[in-house]
Amino acid sequence: MQSRRDQLVAAVIILPSIVLLGIFVYGFIAQTMRVSVTDWGQEAAMSLKPEIHHVGSANYRGLFSGFLNMRFRQDLTNMFFFTLLFVGLSLLVGLLLATLIDQLVWGETFFRTVFLYPMSLSLVVTGTIWRWMLQPRGGINVLPTLAGLPAGQFLWLSSREQSLTFDWSHIFHYICLAVLIVLALMAYGHWCQGEKKRLRSKLIICAVLVGILASGVLTRIRLLDYPEEHGFNKALWGVVIAAVWQMSGYTMALYLAGLRTIPDELREAARVDGASKFQIYRYVDLPLLKPITASAIVILGHIALKIFDLIFAMAGPDHYPTSVPAITMFLKTFRGNELAVGSAIGVILLILVSLLIIPYLVNSFSTGER
Amino acid sequence: MLVQVLAVLLAIAYLIPVYMTVVTSLKAPEEISFMTAWELPSVPNWESYSVAFKQFAPYLKNSFILAIAATLISAAMGSLNGYVLCKYPIPGANIIMPLIVFGMFIPYQSILVPLFQFMQKTKLYGGLPGLILVHVVYGLPITTLLFRSFYEEIPDELLGAASIDGADFFGIFRYLIIPLSGPPFLVVCIWQFTQIWNEFLFAVTLARPDAQPITVALANLAGGQAVSWNLPMAGSILAALPTVLIYVLLGRYFVRGLLAGALKG
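Those protein sequences? They're chains A and B, same order as listed. When the first sequence is numbered by the working numbering, its final residue is 370 and no position is left out of the sequence of numbers. When the second sequence is numbered by the working numbering, its final residue is 265 and no position is left out of the sequence of numbers.
Rather than coming from a laboratory, the hints here were simulated on the basis of the structure. Small disclaimer: the values here were computed from a predicted structure and weren't measured. Ideal Cβ positions, reconstructed from N, Cα and C, are used throughout, including at glycine. There's no promise every hint is true.
Quick look at which bits of chain B chain A covers, simulated, 3 or more residues with Cβ under 8 angstroms [stated by the list, open to error]: (1) 17 to 27; (2) 73 to 85; (3) 100 to 113; (4) 230 to 243.
Far from chain B, some chain A residues (derived; all Cβ distances over 12 angstroms) [claimed, not checked]: (5) R61; (6) A151; (7) E229; (8) L266; (9) L286.
Using the sequences and the hints given, assemble the complete structure.
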């Protein structure tokens, strides 16, 4: 039905977009990788004909084990804990809100609008507002005094306290431990579902990891010659609260859309079988929301890894306790003129995001598509 | 009943930041103190808004030019791309689509240094045209994806019938696709406008002071010391107003964009 000419026109129409994205996405990523293995920076960044040398993986090694880059390693630690708390709490609060709205007798539209409006704000606006809300001697810390209670004392954004500290020189040990925990949780899920085959493969990997951990091989690999403590900075709580306030409405919208697609016959059948309201929720609704949880984890997770604007507006780029790699990349590149190091951080961020996004894209474009 | 009470309490919690922002913005600088932060102003000080507006007017103008231009261009291109990718056999289309969509998930830190070099070499660095170009290019993945998924609902038979009647590529697009694109176009435009209006990383790294959008101006004002809090709060409201108004008036379309972006992968 389509003439050759039309097909040619179609190809010509799409070509500019493909070329633009090819250059701006893939070409620029390749260029960033190239820059990240050079020493471009400092004086070379300023001069017109810079003298740039190839330095191999020196920038990466510097970031992970160099004496000067302790900040970057705390950034990674902050990013890890922020991602964990932000994704976990957004899912939890979002599910709670969606369940609540699904049960409402009146005012559904109103409440949905209220819970979702923070999504339409800029993270810079959110950051500015919450910066004021979380002032150490004001905002929500003085809220209890309105009821005659003593004022809160927590330093939401400026606390210097750390907990869950670990020694960075043993980082491989901890990464292995984290992977083990995730796999064990997945194995538990398979066990609950009665998926024997998957359970067995997960358990085998877990056993191997336990063996590696017990053998102590990983603690003998030392990334640094000296112990370097990193941990969960309590100042991150302020950022987490603001981020969850902004994004929980999004998870709510996702879950609500999911709840609305569950056919009433399914619930009705469970009711006829004598299931209570809670049982229907637990055994009919929740299992059907699982795929939504999976995509929400990917979307929220990649937002968490990239978080920049919110922290910039809430605490400023120079505030060490709440810094993340995206902030340090900005400072290194645009204030420190260390273009190569900034590029290396960019590549590290890209790898982390890709670990989340590529399986997700492969999954969504290989199933349910023509 | 318990559910209703809980919903009201949660709604109050979600609205508390609005209360604080409005109350603080309406106080005179000397009336702002930590201990009385929750109290209403004794006399509303509307001057905060006129001062903030005067200070922010050029940046609001930049934001409007940037967001409207980039939204319209990226929506128009996305519409054509979606039409082509959905209705015409392009060699390798199965690989092209995920490769395009990957572009909307990348952390922009991973392309920022070459982008910066590129902008300087092409003399686009610092001005609004350069920022518009950047937002158009990095907006293409989502606009293409959204339009493609909308156009999948248009049956191929309809196009077949039109082409038998003698309509060519542009004829079908003009007389069949565009008339059916009203709601999708609204969804895409609302999504893009909100994203671009709220964007910060490109704005803070690629714009000279006279071309900066409102988000950068707000961050500069609030980040500076010695500013009394009524101004950043009034500024926050000015910066938030356009996108919040769109959300309140056209929430249905906003949510559709939100959901389509996540579920259709």
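How the hints compare with the structure:
Counting residues of the segment 17 to 27 of chain B whose CB falls under 8 angstroms from any CB of chain A gives 4; the rule of at least 3 is met. Counting residues of the segment 73 to 85 of chain B whose beta carbon lies closer than 8 angstroms to any beta carbon of chain A gives 5, which reaches the threshold of three, so the coverage claim holds. Given a C-beta distance limit of less than 8 angstroms, the hint that chain A covers the segment 100 to 113 of chain B holds, as 13 residues qualify and 3 suffice. Only when three residues or more bring their CB closer than 8 angstroms to a CB of chain A does the claim for the segment 230 to 243 of chain B stand; here the count is 7, and the claim holds.
Residue placement check: R61/A keeps its beta carbon more than 12 angstroms from all beta carbons of chain B (closest about 19 angstroms). For A151/A, the condition that its CB be more than 12 angstroms from all CB atoms of chain B is violated, with the nearest at approximately 9 angstroms. With 12 angstroms as the threshold on Cβ separation, the claim that E229/A sits away from chain B holds: the shortest Cβ distance comes to roughly 27 angstroms. With 12 angstroms as the threshold on Cβ separation, the claim that L266/A sits away from chain B holds: the shortest Cβ distance comes to roughly 20 angstroms.
At the 12 angstroms boundary, the C-beta of L286/A stays outside the reach of chain B, the nearest C-beta of that chain being 18 angstroms off.
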